[in-house]
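Now for the letters of each chain:
There are 2 protein chains.
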Amino acid sequence: MPLKAKRIGLHTQREPVVIMRTDCPVCRSEGLAARSQVLLRAGDREVTAVLFQQDDGRLAADEVGLSEAAWKLLGGREDELVQVAHVPPLESMRWVRRRIFGNELGQGAFDEILRDVVAGRYSDVQLSAFVTAGSAFPFNDEETFALTRAMAEAGTQLDWGQSVVVDKHSVGGLPGNRTTPIVVAIAAACGVTIPKTSSRAITSPAGTADAMATVTKVDIDLPTMKKVVRSEGGCLAWGGGLNLSPADDIFIGVERQLDVDPEGQLIASVLSKKIAAGAKRVVLDIPVGPTAKLRSREAGLRLASRLNEISRRFGIQSTCIISDGSQPVGRSIGPALEMMDVLAVLRREASAPTDLQDRALRLAAAILEIGGKADPGCGFELAEQVLEDGRAYQKFEAICRAQGRFGEPPKAHLQCAVTATTTGTLAELDNRKIAQVAKLAGAPDSPAAGLRLHARKGDSIVAGQPLMTIHAETEAELAYALAHASQSTDMLRIEP
Amino acid sequence: MPLKAKRIGLHTQREPVVIMRTDCPVCRSEGLAARSQVLLRAGDREVTAVLFQQDDGRLAADEVGLSEAAWKLLGGREDELVQVAHVPPLESMRWVRRRIFGNELGQGAFDEILRDVVAGRYSDVQLSAFVTAGSAFPFNDEETFALTRAMAEAGTQLDWGQSVVVDKHSVGGLPGNRTTPIVVAIAAACGVTIPKTSSRAITSPAGTADAMATVTKVDIDLPTMKKVVRSEGGCLAWGGGLNLSPADDIFIGVERQLDVDPEGQLIASVLSKKIAAGAKRVVLDIPVGPTAKLRSREAGLRLASRLNEISRRFGIQSTCIISDGSQPVGRSIGPALEMMDVLAVLRREASAPTDLQDRALRLAAAILEIGGKADPGCGFELAEQVLEDGRAYQKFEAICRAQGRFGEPPKAHLQCAVTATTTGTLAELDNRKIAQVAKLAGAPDSPAAGLRLHARKGDSIVAGQPLMTIHAETEAELAYALAHASQSTDMLRIEP
Chain A
0 MPLKAKRIGL HTQREPVVIM RTDCPVCRSE GLAARSQVLL RAGDREVTAV
50 LFQQDDGRLA ADEVGLSEAA WKLLGGREDE LVQVAHVPPL ESMRWVRRRI
100 FGNELGQGAF DEILRDVVAG RYSDVQLSAF VTAGSAFPFN DEETFALTRA
150 MAEAGTQLDW GQSVVVDKHS VGGLPGNRTT PIVVAIAAAC GVTIPKTSSR
200 AITSPAGTAD AMATVTKVDI DLPTMKKVVR SEGGCLAWGG GLNLSPADDI
250 FIGVERQLDV DPEGQLIASV LSKKIAAGAK RVVLDIPVGP TAKLRSREAG
300 LRLASRLNEI SRRFGIQSTC IISDGSQPVG RSIGPALEMM DVLAVLRREA
350 SAPTDLQDRA LRLAAAILEI GGKADPGCGF ELAEQVLEDG RAYQKFEAIC
400 RAQGRFGEPP KAHLQCAVTA TTTGTLAELD NRKIAQVAKL AGAPDSPAAG
450 LRLHARKGDS IVAGQPLMTI HAETEAELAY ALAHASQSTD MLRIEP
Chain B
0 MPLKAKRIGL HTQREPVVIM RTDCPVCRSE GLAARSQVLL RAGDREVTAV
50 LFQQDDGRLA ADEVGLSEAA WKLLGGREDE LVQVAHVPPL ESMRWVRRRI
100 FGNELGQGAF DEILRDVVAG RYSDVQLSAF VTAGSAFPFN DEETFALTRA
150 MAEAGTQLDW GQSVVVDKHS VGGLPGNRTT PIVVAIAAAC GVTIPKTSSR
200 AITSPAGTAD AMATVTKVDI DLPTMKKVVR SEGGCLAWGG GLNLSPADDI
250 FIGVERQLDV DPEGQLIASV LSKKIAAGAK RVVLDIPVGP TAKLRSREAG
300 LRLASRLNEI SRRFGIQSTC IISDGSQPVG RSIGPALEMM DVLAVLRREA
350 SAPTDLQDRA LRLAAAILEI GGKADPGCGF ELAEQVLEDG RAYQKFEAIC
400 RAQGRFGEPP KAHLQCAVTA TTTGTLAELD NRKIAQVAKL AGAPDSPAAG
450 LRLHARKGDS IVAGQPLMTI HAETEAELAY ALAHASQSTD MLRIEP
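Those sequence lines, one after another, are chains A and B. To convert, note that position 207 of the first sequence is 206 in numbering that gives the first Met the number 0; the numbers rise steadily by one, no gaps. To convert, note that position 450 of the second sequence is 449 in numbering that gives the first Met the number 0; the numbers rise steadily by one, no gaps.
These are computed hints drawn from the structure, not numbers from a lab. Check before you lean on any hint, since a few could be wrong.
Put simply, identical chains are the same to the list, so a pair is met inside one copy or across any two.
Simulated crosslink set (SDA-like; lysine to any residue; CA at most 25 Å straight-line) [stated by the list, open to error]:
| hint | residue 1 | residue 2 |
| --- | --- | --- |
| 1 | LYS432 | ARG27 |
| 2 | LYS71 | GLY314 |
| 3 | LYS432 | ARG93 |
| 4 | LYS225 | ALA60 |
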């Protein structure tokens, strides 16, 4: 017996949820109870969703309400008739069970699992079992390769029809590390093909896509992206709409809840996105520091060696750069504020943060060398020159205009300084706590919100001196961020 | 900024869900997005819930809608003002992470975890990680003991003020295995104190509580239960409302989704409920068969030995009985139909299923012996005698009346036979498929629905002979069950 599909405007992030009445005849005849997994079919389209039941007189007994995620995965149409039934057993879970008990999985197993994960057939419980098993018994190189490939192939795969396509990636965890726009501008200005896609913030106050969105259009479709890369050599687009390694975000959500980040999964996450984006050569930035994702130089080197090995198996040339992750990069946290730092570097302003510029040049140098535009050891000089003579800034503006527009980043209406309460030396900065204050101020949802730091590690501080300025769009958010900043005495630790 | 609490009649099984508008000021200032975990506080009461957002004009911007589970856990009051905030980090997850990486946990760790699990603070992802880790690295005896204790202590603990309190349990998986009412009646008639609580069906067509509910009131509170046990020596109550080892159902839900049943968790599940119910001596029935939970006699014996060992550590005397689990017990599946079988045995009717009677007598014998009412080896004779002379039936009726009422089980309006299509011998019965047909017929929600088998393993069958009769309350359910039964050719396998 079919039911009428209703879009009910329910936002559940990526989780497909459907709502039916407890007295719905399909629930009764199929024996469907709240929290059953159900399969919705409309013609040859289908979606697996979790069922909730609600008796508030809003749904009729012959209707089924779909959350936004369920609506999108099904390709819903208002009042269309859909069949609702029990979900057939998830065959690929047998592989997950084998993995739980410590058995190694092959390519076919990962392919099956990833197909079901991307189709939304895995519940949170099932996803977590996969991630947990990969933490309990770490994926070896064979498995990491197979997982990476399965993830890359489970979504869109771009092909640029040429062998020198370069990409870059920073292994997360460092606020303000907004080198990408500078690096892409320099590389593209030198003739490197660099079709860069970035993500929006997941847990951080700003992703590269959030920062770029303050000056241009980042939500571009594939044809537009291809046109931009053809004309400018590079792009700075949001990857979220392009379906590149779509399982990645799903796994990241689970890892965040568990606060685990198994290495094999991390490698697959980084490389599957690059492979799907059609990259043949990659430069990987690995910041290391006590509050960064990688806590020690040894851990950074170990990860670099595995990233290089797995890349090699895909025929991808890679360069890993271990960088300083002991404090935020630049002086700003938040989409628009970070973009102002980026623009200051590109425009060779005197106020440009030198650490951001140095990091960007180092990465650009590696890209120019791996991309065949500079001899080994000569990339830095070329990168510096292209930045100096304005070609990088021109390229950046050209990419933005090709993507749809170019404008200045917005400024926040409210600003308030946080001052030092003691005199001494700024001994340590806690990346995580600084990020937290920026988020409380409204970043990344309010693009202009965030904070600007006025001191760096090692600076001498006098009591009463401003340590940071918080930028916000509402009084409430400003108050939240200020309260949190004044309570977090170890966020910026001053030693006498 | 507080929000007004609204009960929105949303059934999500045990998952606390709250709904707010995307433009709710608290969402904006706290940076709460769909699928965030949030903490609701009203005075000193609190609940952790998952947040969904909905813009359908039903909730005001200053309101928060609570699912039934969230409402119950919070102790909600209509229009009460509640504070909504981010969930503080779940400290006990550090133990789960340690367990994921293969480290053994002590009593304190399990206590912390169980406190948070029972308070509803663990998300599905986090619960699954705990269960998966316990499958990847099986709990040793020390850990199983600690987990059992933590589970028992996380809920209500009954104390009957005497040393000889007996309980029984069947390790799931066998349709129609409704021995409990008979066993309790015989044991109580002989003076054994047996405060039996049972569950409703989770995945099966009937639990003991579902069957008992067709003849008496099973949803009794603790004072009533104590009064019944004081006057009659035993009870046959639903345990769901008594909060005995409340984490058990939560873990079972996760295990079902993963289709794993790690032994340590199984032992903790069985024993924590008995310990919380105040039992000092237990008889455990372990059915073994190709489609039962335990597939081999060896597996059954191994489980029995660990159950005995962990019981011993709690100072509990235990007897495990390995029984035949190769086919359903009795001839009926479904709450009312199974109760008719039970009543036929208790009333010494000629039609009473002998296998159900034999199993019940064997378990009752073990209880009489462990309970000190019969010498070793003499329990069976005493049990038979008490059943024969009607004392068991009288006791059963007395227990039912003490619980609130006694009446006959209901009969289904629709019945239809499934007949054999070939001639031969009934070689095998698939417990799982038979259970499925009974569920499609409406069991356990329609108490009278289910099926009655007309043949047992080894019987000679003639084509056209009725193999089973399906009982249902609606034409749709009858049609579903019939269609499924006629398609499942290997449910009742007839060999020439």
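Taking the hints in turn, this is what the structure says about them:
no. : hint           : verdict
1   : LYS432 - ARG27 : between (51 Å within a copy, 19 Å between copies)
2   : LYS71 - GLY314 : neither (35 Å within a copy, 57 Å between copies)
3   : LYS432 - ARG93 : between (41 Å within a copy, 20 Å between copies)
4   : LYS225 - ALA60 : neither (48 Å within a copy, 42 Å between copies)
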